[in-house]
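Enquirer: What follows is the residue order along each chain.
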Amino acid sequence: MSARVRISLGLAVATGAAAALFIVDDAYLMRIATLGAIFAILALGLNLTAGHLGLFDFGYILYFGIGGYTTALLTLRAGWSWEAALVASVLMSVAVGLLVGVVVLRLRGPYFVIATFSFLTVAYYVAINWKEVTNGPLGLIGLPAPAFNLPAIGRVEALDPAGALAIALTGLLIAVAVVWRVVESGAGRAWHAIRDNEDLAASVGIDATAYAFLALAVSAGLGGLGGSIYAGYVGIVTPEIFAFGHMVNVLLMVVIGGTGTFLGPIVGAFLVETVPELLRVAESFRLPIFGLLLIAAILFAPQGVVSLRPWRALRAGRPRVPPVPPVEEGPA
Amino acid sequence: METLVQQVLDGLMIGAAYALMATGLTIIFGLMDVVNFAHGEFYMLAAFLLFQLSAVMGVPYFVALPVAVLSVGALGVVVQRTLVRRLRGGSRLNYLYATSIATIGLSIVLQNGAQLVWGAVPKSIPQPFPTEPILLAGVALSPVRLFILLTSIVVIAVLGIGLMRTLAGRMVRATFQDREAAALIGLPVDRIDALAFGGGTMLAALAGVLLGSAFQVYPTMGGLATLKAFTVVILGGMGSFPGAIAGGFLLGVSESMAAGYISAGLKDAIGFAVVVAVLMIRPTGLLPAVRRLR
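Residue numbers (our numbering), protein chains in the order written: chain B, 1 to 332; chain L, 1 to 294.
Please note: incorrect hints may appear among the correct ones.
Sample of chain L residues at the chain B side, in silico, Cβ under 7 Å [said to hold, decoys possible]:
1) 93
2) 102
3) 265
4) 275
5) 277
6) 280
7) 281
Under the rule of at most 20 Å between Cα atoms (straight-line distance), these lysine to any residue pairs were calculated in the SDA-like manner [claimed, not checked]:
8) L/267 - L/220
9) L/267 - L/3
10) L/123 - L/113
11) L/267 - B/137
12) B/131 - L/263
13) L/123 - L/61
14) L/267 - B/129
15) B/131 - B/243
16) L/267 - L/214
17) L/123 - L/59
18) L/123 - L/216
19) L/267 - L/224
20) B/131 - L/59
21) L/267 - L/8
22) L/123 - L/55
23) L/267 - B/243
24) L/123 - L/218
25) B/131 - L/264
26) L/267 - B/136
27) B/131 - B/78
28) B/131 - L/259
29) L/267 - B/130
30) B/131 - L/267
31) L/267 - L/7
32) B/131 - L/262
33) L/267 - B/125
34) L/267 - B/126
35) L/267 - L/185
36) B/131 - B/76
37) B/131 - L/266
38) B/131 - L/268
39) B/131 - B/235
40) L/267 - B/240
Hints were generated in silico from the structure; no laboratory data involved. Predicted, not measured: the structure shown is a model, and the values here were computed from it. Even for Gly, the Cβ is constructed at its ideal location relative to N, Cα and C.
Could you put together the complete structure from these sequences and hints?
Expert: What follows is the structure, encoded as structure tokens:
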């Protein structure tokens, strides 16, 4: 199956699943799907740098938190509407992303990983200690829930599980459109060239720094979008929005789904949100089993679950041929 | 003045443990390019094993301590043989993600496993040291802290001599510098990896039993420890032993100073701010390794 066929198929399945959710109308399922959609936006954003550009942004949740705090401060302290605060949150995250980029984009490999992570950690402690603005560990409470009247559809409210899911899925659609637009453009090809061989990319005239800034800006903007929707949905923003646990979850979504693929982060987001819920039957063994599943996933699907081709094993009468190893590149 | 000396000594004690952890991470990263997110969980596990042996089963402290450290080292060897070794192949970037996810998975298993076995309530390890502080030129030194500092310094010195003077040490350094060339002259790089992973986890385990004796032991204690160890490694220069040791003491002392003179709440953020500052001036850390990062 070609990439386009698979993506169309994926979108058809997703539309079907979303329609089924609205018809079944179960608050618990819709809550899981809402969080899945919000985190899918983040996974798409992280995948731009970690998957397409090849730089492991281990502080990506910084933009999620910046988006959340910007939305909380603007709606609570300045009386803005959530929609206006959302736009401002995206712009704020992009601005912070560009500033962070000035420091981190000079670094590569493990240095990049730790430097981005350091920014996240500093933000976490600033959020705890800058009590005048962030209200410290207690956080900002009681954000107004997003609600609007739409022509032909009626009133959409985040307090209603179906309304929240609709808002999150709209956000995800916007993120999918943005990612599709940039990855399938010259910028996407430039990122792949930089990821595969930065020196070679530079030698054919690709400005690695400029394209890296672009990737960081778009991915930061998506983080801000996710953070703003999340803040409107849960109605509270605390320093825990910068928590290491969120970072690990989003990273898992990208890698378990498939780094550098289009559908991988989305599939990964819904998997990572759903599997721990399914494991609730295992009670206190839930998290240890989840950890073992992660190890199994990386051992048996190192390229992510979207790279698995189960239908190949199902084809009858054909011997399974192992994939041809890629030819080693060497000096000619 | 006395408070200053006291702060520095406190910082040196914590810094010694950071240096042990960071040296362990450096060995594992240097040989296998693995960013080991489960490092802090080995540190936590060793502290719990010491608690189990000495507080629950009544084994004498100085017997239980080496047993706990060696058991965790053996677990490290098992992890390398069954998990880390299988992740090679594919691009460098994929290997970085695969080993990160695998060690994150391992850390979730170990942390929650410890919580199932020992519960979430912090435990104290009964210590054989007198609680009366030793007064030295007006500065109070608690015996347990002195023991931590001296043990760390001795272990780091023995490790340094071992790496420089013994055959096994030379083999490890050769593999560290150039893996392909080492394999080419017939060094058993695969077995050296296992030895190094075991040794690296033993250093984390030692830091765990030492700090566990002075503070409390709880299942989530490894999380922040892993992050601090990373900070130290980057601060000193990735893949550099002198850097890891210097970075450990530097971070310990600056945290202790920050807690004393700036704000106890911001103590844990200081290290990360220092890292950003250092990387802006010296992108390869304070004492970068001679080895080329592939």
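Enquirer: Keeping to a limit of 20 Å between CA atoms, is the pair of residue 131 of chain B and residue 264 of chain L held or broken?
Expert: 15 Å, holds
Enquirer: For the pair supplied as a hint, residue 267 of chain L and residue 8 of chain L, is the alpha-carbon distance within the 20 Å limit?
Expert: 14 Å, holds
Enquirer: Is the Cα-Cα distance between residue 267 of chain L and residue 3 of chain L 20 Å or less?
Expert: 17 Å, holds
Enquirer: With a cut-off of 7 Å, does the beta carbon of residue 277 of chain L approach a beta carbon of chain B closely enough for the hint to hold?
Expert: Where the cut-off is 7 Å and the nearest Cβ of chain B is about 10 Å from residue 277 of chain L, the hint is violated.
Enquirer: With a cut-off of 7 Å on the beta carbons, see whether residue 275 of chain L makes it to chain B.
Expert: Holds. Min distance 5 Å.
Enquirer: Checking one constraint from the list: CA of residue 267 of chain L to CA of residue 214 of chain L, max 20 Å. Satisfied?
Expert: Roughly 19 Å separates the two Cα atoms, so the pair holds.
Enquirer: Decide if the proposed pair is consistent with the structure: residue 131 of chain B and residue 259 of chain L, CA atoms, cutoff 20 Å inclusive.
Expert: 18 Å, holds
Enquirer: Against the 20 Å threshold, does the CA-CA distance of residue 267 of chain L and residue 240 of chain B hold or violate the hint?
Expert: 18 Å, holds
Enquirer: Checking one constraint from the list: CA of residue 131 of chain B to CA of residue 235 of chain B, max 20 Å. Satisfied?
Expert: 19 Å, holds
Enquirer: Please work out if residue 131 of chain B and residue 262 of chain L have their alpha carbons no farther apart than 20 Å.
Expert: Status holds; Cα separation ~16 Å.
Enquirer: Hint check: residue 267 of chain L vs residue 220 of chain L, CA-CA at most 20 Å. Holds or violated?
Expert: 18 Å, holds
Enquirer: Does the structure keep residue 267 of chain L and residue 185 of chain L at a Cα separation of 20 Å or less?
Expert: Distance of about 48 Å is beyond 20 Å: violated.
Consistency with the previously given hints fails for numbers 5, 7, 20 and 35, ordered from lowest to highest.
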